[in-house]
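Starting from the known structure of chain A, arrange chain B on it as the hints suggest.
Quick mapping for you: the protein sequence lines, in order, are chains A and B.
The numbering of the first sequence is the UniProt record's numbering, which starts it at 1 and goes up by one.
The numbering of the second sequence is the UniProt record's numbering, which starts it at 1 and goes up by one.
Hints should not be assumed to be uniformly reliable.
As the list claims (entries may be wrong) - Distance condition first, Cα-Cα at most 25 Å in a straight line; then the derived PhoX-like pairs of lysine-lysine:
| no. | chain 1 | residue 1 | chain 2 | residue 2 |
| --- | --- | --- | --- | --- |
| 1 | B | LYS795 | B | LYS766 |
| 2 | A | LYS132 | A | LYS190 |
| 3 | B | LYS604 | B | LYS536 |
| 4 | A | LYS471 | B | LYS795 |
| 5 | A | LYS471 | B | LYS604 |
| 6 | B | LYS180 | B | LYS203 |
| 7 | B | LYS758 | A | LYS471 |
| 8 | B | LYS166 | B | LYS994 |
| 9 | B | LYS203 | B | LYS766 |
Read the hints as simulated data drawn from the structure, not as lab findings.
Now for the letters of each chain:
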Amino acid sequence: MKNQYKYLVPFVVAICLVQSCDDEILETTPYGQYTSAEFWRNAEDAEAAANAMYQPLRWEDLYGHSENVFDNSSDDLFRAGDHGYETAMENFTFDASNNGFRYGWTAKYEMIARANAVLINVPNIEMDATLKNRILGEAHFIRAFAYWRFSVIYGSVPIVLEQNVIDNNFNIAKSSIEEVRSQVESDLLKAIDYLPESYSGDDIGRASQGTAYGLLAKLYLYEEDFAAAISAGEAIINGPYALAGNYRDNFEVASENNPEMLFAAQGLDGWADVPKTYDAPRPWGGWDFHNPVEDIVNEYETDDPRLGYSILRPGDMIERGGEFGTVEFTADLSQTGYSLTKYWSFNTDDGTINRDHNVPILRAADVYLIVAEAKIRQDGPGAGDSEINIVRNRVGLDPVSNAGMPELIHERRVELFGENQRHQDLMRWDKAGIVDIVSIYGEDRGQFDPPRTFEKPKHYYFPLPQSEIDKSEGILIQNEDY
Amino acid sequence: MKSKKSVSYQGHDSSLYAWNLCAGFPTKRKILPALLFCSLISGTTIVAAIPVDGLSYDSNIINFQQTITGTVSDELGPLPGATVQVKGTSVGVTTDFDGNYSIEADSDAILVVSYLGYATQEVAINGQQTLNVQLQPDATQLEDVVVVGYGTTAKKDVTGAISSVKAEEIENLPVANVEKALQGRMSGVQVVNNGGAPGGETKIRIRGTGTVNNSDPLYVVDGVPTSNINGLNQNNIASLEVLKDASASAIYGTRAANGVVIITTKKGTKGQKPSINLNAYTGFSNVRKTIDVLTAPQLAEIKIERSANDGADADAVWSDPQYLNQTTDWQDEIFETGYTNNADFSVTGAGENSSYLVGFGYYDEQGILSNSFANRLTFQLNTDTQVTDWLKINQNLSISRRKTNSPNTSSSQSGVIASALRFHPGLPVYLADGNYSTTQVSSEFGDINNPLHTINEDNDLRQANTRLLGNIQAEIKLYDGLSFKANFGLDGEISDRKRYYPQILDQTRNRGLSSLEREYSEFYSILQEYFLSYNKLFGDHSVGAVAGYTEQSFENQGFYAQANNINDSESEKILSNGDNDNATEFRSHDGLRSMFARVNYGYKNRYLLTATFRSDESSRFAEGNQRGNFPAFSAGWRISEESFFNVPLIDNLKISGGWGQLGNQNIDRLQYLATLTAGNRYSFGQDGQVQVEGISQSTYANPDVTWETVEMTNFGLETSLFDYRLTFNANYFIKNTEDMLLRLPAIGSQGTATAPFKNAGEVQNKGLELELGWNDQKGDFSYGVSANASFISNKVVSLLENQDYLTSDPFSRTGQELSRTYIGEPIATFYGYKSDGLFQSEAEVNAHALQEGAQPGDVRFQDLNNDGVIDDNDRMIIGSPHPDVTYGLNLDFGYKNFDLTAFFVGVGGVDIFNAEKTVGMNSSFNFNYHAEILDRWTGPGTSNSTPRVTFNDENNNFRTSDLFIESGDYFRLKNLTLGYTLPLDITEKYGIGKLRLYLSGQNVFTITGYSGFDPELGLTNGNLQQNVDTAQFPQSRTYLLGVNLTF
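Looking at chain A on its own, in the form it has when it is part of the complex (with noise of 0.2 Å):
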């Protein structure tokens, strides 16, 4: 049995062969990802961080659908779709633990965290400095727009910034609203610092100096300083941002991003959609959401092209193409009997949905009309004349002449109607005494806009999410009324 053992030796010799080069087993090479160590080396990197930054805007969290169903409160539009928790957001009857305001919490934030890692990061990179600028300016810009969102729909939030990031310290307590707009104002101002006046071939999308600029001024109506906002929107006014030809050319896959447009959320079917499409009439392949009221068709003044341009009504005939030809819009195809075309349209190839649209967030039309007002109310009626007859003048309506507050308001609503604002709008009207947001929203227009009840001043601000309330273990604290 002796000679066994040479048997052995091959065991042996395994044994330490295996022993000798095995710590190769415990290696741990994290394949396809990089570690934040290892990131953050040159420009490519900092280009890919703040691609990253926009890429939320997108979401249906964000502009592909939830952002937009705050704008169902306004008196401009039925929730139509099939979200039951829509119902209470329109109708005032929500609790905090209503879906629609969780969605996009963590969506804005994480645009903030995306932020905070270009603004920690990228200064320590080497690169080209105009890149390096740009980006940074991007960031604060990024920054500021979603405070800015927060500062509307909840009013105070937690602001995370960049030593939050570094302490790794997130559950904290909520700023007021004087203090997110304090932060969205500073970061806006080192955005228009940092940021080009306009971009050209690839970059156009990218927020500019008058991305910046817009939001900036739209700030300050809202704080009611009204001389910021005339002298930051007027950076638009005589800026290179001029309104495009046609309304509609906002709207259209083909020309949307022209220089009216400072801001949108950019759609590419197939690579990279928005789900806004969601407004279609569903037998066309959409969810019918967001059905346009009576109210407003009945708002636009005879003539006023932008009716059409934004609102099917029954009778409309669209190409569809494809094996359906022209198509006509009637009255069954939504809720409503009208429906909302500004964030969608047919290829005309297939008659399928056209998921390349964009969601316009900033115009400058916005803007002119963002001035108009400060100016009336800082100078009383006429003084925005100008501002409101260029925007009229752009799809052939009459001018106006010693234009007030009313005619202000009603060339907001046709102008900006669908586009987020008209809620805001009359809150912030309301809050001015200028309009009775009350008795605006408690008149009954019938099936699609019954008498809703706004509580003042619970109702200017929606609850923030339940949900972060209990994960906060009493840190962050509910808005009043709630």
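For chain B alone, coordinates are given in the frame of chain A:
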């Protein structure tokens, strides 16, 4: 042979005294029962044992001694490794490779010949010098061998908690995976069926849910550790052992916390002549139950009432005559008769020095949902070769190919069963123009697609897996009980998932662009192990030891690719035909390097002691945190072996106890690194056509992350009574999971990047496991009963600092939170409001605490905190998904050539959250409803449980509440089999060894009060949400006819 000492001691009581033989001189020592334990580990022990020194011992006089030689054999030939002992002494030898032995004994002594698995025989020497003994196989449980980690052991010597399943219990059950066959077979082992889809996933939970993370056990197939046993054919399994307690499983260290399942595949038997076995069955299956839904006229009535309740005009579509006729029973359309076919063919045999098994099997199941299927092709090759008398090589190889396709039934948005419950019953399957009917005609019909459209047109979701699992082992006998083993294993799988999503234009959930996606991945794991085993008898002392080194690598790599605009024709479904194709590649590596050791000591077969230790290094953790050490100890006392134990009824009585630590490293990789991921797509440019991708942080890091530790204590009792006819085993365990990995809470203000895991939580599982068996034979009639029951309680002891509970994903249709995991409570309890009937009048609404939006006919929720307002603070735990008891009951009867088996499983004291009803009964959805909605409230006194119909539902009647908690108790005849074996004298004429025909039924009947499709529901959000009914694929009822044939 060395010289031999002979000692005698007069007038002793052998049970009270022992001889210290190792020391070479006799001492008298009183034994304190239970202080000395004995263990003799493995079957290999005895196989490997070589003639030992020993003492002849005689209690009376020293007699003439002689050498006796002979051969021990069984009916097939010599038995190497059998033990021959002189009765009443500790003198013993084992037979050599040819079954020969030589022993010295007194001429009037009696030899005791034993071998595991055979009845022990006593043979008087009577002066003879040659004694040949033929042993008979013995089926009593006591002599059974169980496979443990890195060895085998006699069941009687086990000191840990191990449950076993034998081949005949799971053979020919019409199930697509082995786990399903184990349901109810063993105490402490819960089988969680995630629906009844062909080829669907099944989880095993051993001794409760130990962690909120992955709590799947480790599987060890013929010595190769693996994370799953997909593709294994249960008809190739010889035995399956579940190592339940720490003492049994600690030898697998950082992968053992959730228990270990050891599977041994069938082998050829030495000396066996070649035989061919054929097992085949064919059968059909049906859905067990459907849910009553409204007819078209009933639905219109409800919808009109709904609008009236909301003060609105009903949509014109509800008075449109074309939708008022009852047209389609959608459940009838989607469910059909399924079928199951299986054929297994194997050849076993043996030559002089080797044995083999070659198996080939095909299983084919067509599910009860149209266009769902699973099939599996398996190949098994096992050989065993005794190369020389000291070198043995064995090899196992199983190869399988599985294909499945099943429509989505899990989504609450588009699941096909949920859609069938909700689709308008007045719509036909097909319109007159041949197109599918569609809810596009009215948003009043909801956002769901025609279920037949989904099943027929949008159901190309094929998955194919090819798996190879095998190993080769060499065993070298080195010296006197010492042997060396090397084990090289390979576990590999190619997984290919190809999914085609057609363009859908005429359904509500439409798809503008068709797309094809394919995920192709290759997994392989390489194992190498070297270990020494030592087993030796020193008189009354048996010593066993095993120690070794093992390392295993796990590589996973593959790609995912997707392209758009691909036509719906088989020949064109190729990625390169599409546009915008994009591909990502993925790759990961894991490694484990370990040392392990186990020592067993036994004294006089009465006192048994086991100590185990494993040290693992794992690549799952950062350097410095990679090593984990896992010790375990256990002891047993076979009281029935003591001479003072004189209870004739009791044949075997053993108590045991053990303690040990185990690990769980089953967590996401790279938790100690913050990672960034590419792929955030966006577009820029004048025409918006410039495609860009962004990179953003996807995870936060915790550099300190390490494994979860389980500390387990076990107490066991094992008895056999009435000549082994009655067996009763009981185990009690306390299993504490410490350092449970918890994700830091995903606070919204952090964004969407995943928070890291932190070792923070504790979970305790405590339980009692009982197994009872009775077997007897009366003439031609034999029968057996075996039953098992497990009573396991689960409790979360702690979570993260400042954290009271973990939440779970909301139910996506309603956005409602269903389950929470609270400290002091079981994992995944249901959390919501307590209802208190319906408001019958305005006065009742006013009299109640402020409940926003409530009207008469709405649900009244209890003001649990008595603050006068019904809000989120009025929620509480309203149910638990963990059964108080799970049980299995098996009845066997044999009469002449007939055999009958009835196998029942059941659970008691368990709750189900019927989430299906929160949509199916919820009139704020534009769907069809369960027929139960006809019992709705329509005025005072009409109902106190089914709320009024309302679209606005301002009371949120369908928020999570106890209204949807139902008892999930069930008692199910899982399997019923009646077999008839043709008489041998008939079959032999045709050269057939055995021919048995049988009829079998699976899920034959179910007694349950549960109102949904099926009370077996599984997991819907990992372990954090369990027993939630989302209209999952139900289990089917299957009947089949089969044949077993042996040549």
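request  = Report the numbers of all earlier hints that the structure fails to satisfy, in ascending order.
outcome  = Violated: hint 5 alone.
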